[in-house]
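Here the structure of chain A is known, so what remains is to put chain B in place on it, guided by the hints.
Chain residues, written in single-letter form:
Protein chains: 2
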Amino acid sequence: MKFYERTKKVDEIFKGKMIQLHVETVELPDGREATREVVRHPGAVAVLPLTEDGRLIVVEQFRKALDRSIIEIPAGKLEAGEAPLACAIRELKEETGYSSDEISYLVSFSTSPGFADEIIHLYLAQNCKPGKNHLDEDEFLDLMLISKEEAYQMIANQQIYDAKTILAIYYWDLLSKRD
Amino acid sequence: MKFYERTKKVDEIFKGKMIQLHVETVELPDGREATREVVRHPGAVAVLPLTEDGRLIVVEQFRKALDRSIIEIPAGKLEAGEAPLACAIRELKEETGYSSDEISYLVSFSTSPGFADEIIHLYLAQNCKPGKNHLDEDEFLDLMLISKEEAYQMIANQQIYDAKTILAIYYWDLLSKRD
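If you read the protein sequences in the order shown, they are chains A and B. Mapping the first sequence onto the numbering used here, position 152 (from 1) lands on 152, and the numbers just tick up by one. Add 1000 to the 1-based position in the second sequence for the numbering used here, that's all there is to it.
This is chain A alone, in the form it adopts within the complex (with noise of 0.2 Å):
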């Protein structure tokens, strides 16, 4: 493979709840050695769900990496063994309450591949409909549903600030200029 950097010594740093930490010396494409700080995450998945009328539910909730609230699409990490089709149903209903019958998957992507191997995949979840919701022990947020204008507007004011909840704005905004 082009480029390809053979790992010679892995250092395992820090084992915690969600991510692992690890260093790795590794052998560069002209011989030398370099390090490489890898987090590693077990990947996650994301959920674009727009209810029957048209809007976009998304939540608000406290991100201590960032010391702020910001407004998001549903998403969770992937359990152990867990499909990721079957992750975005349970997320989209632990956080939200909607369900939905018109589940397709849109795409997967790395969150950070300069240091981290977190892998999100992406799902519309179409014409859902609401329901009662389940958060996990240490989970406080909110809900709301947004048109594409205010949608537009929360990006322009940082309320929306993360790089998967703007590029499923964006895929939304395409799939009407698709129709």
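Heads up, a few of these hints could be off.
Unchecked claim - Computed cross-link-like contacts, SDA-like style, restricted to lysine to any residue with a CA-CA straight-line distance of at most 25 Å:
hint	chain 1	residue 1	chain 2	residue 2
1	B	Lys-1002	A	Glu-150
2	B	Lys-1015	B	Lys-1002
3	B	Lys-1015	A	Asp-11
4	B	Lys-1017	A	Asp-30
5	A	Lys-8	B	Ser-1069
6	A	Lys-77	B	Arg-1006
7	A	Lys-2	A	Thr-25
8	B	Lys-1132	B	Asp-1011
9	A	Lys-93	A	Thr-25
10	B	Lys-1129	B	Leu-1066
11	B	Lys-1002	A	Pro-130
What the hints assert, rightly or not - The following residues of chain A were derived to be distant from chain B, with all beta-carbon distances above 10 Å:
hint	residue
12	Lys-9
13	Ala-83
14	Glu-94
15	Gln-126
Said to hold, decoys possible - Now the stretches of chain B that chain A is said to cover, found in silico as 3 or more residues with beta-carbon under 8 Å:
hint	segment
16	1010-1021
17	1065-1074
18	1097-1106
19	1115-1126
Because the hints were derived from the structure by calculation, they are not lab data. Everything numeric in this text was worked out from a predicted model, so none of it was measured. Virtual Cβ for every residue (Gly too), placed ideally from N, Cα, C.
Same frame as chain A, but now just chain B:
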């Protein structure tokens, strides 16, 4: 602030070349305690660079976190005290040799709000003109110019596989549909 988690203690686990890792003990909104694993990153810029004939300039590089090469828009870490626009101009030139007199700010986003504070500032560079590139000494990459159809094909076959690049390609597509 909504759902604020007050930090009670910070354990500094690791300080590397690119990232730092902290484990923060926080007080949840209901008064209980939890820990949050937080990767600290200096932030980065990315550029959506378009040539005069309307193609996208991308680079293929090896990413140890994914253990494979992927095709991305040009991007790089902010140096200490560096303004994002200056970093965008520098990284575009260093990685691709291209430069542009028409660079504009698009949007900023957190890449992994669940565990990292990395923010990417995305710029649009139009009518880019070629020149000579200057890679960092441990940087190996290939340059490509691709059409929008090729970009979507590369997303479909996961040669393009990271959030910032897919987000930027969707933006590019929306831009043409707005004109």
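For this structure, which hints from the list above don't hold up?
Per hint list: 2, 8, 9, 10 and 18 violated.
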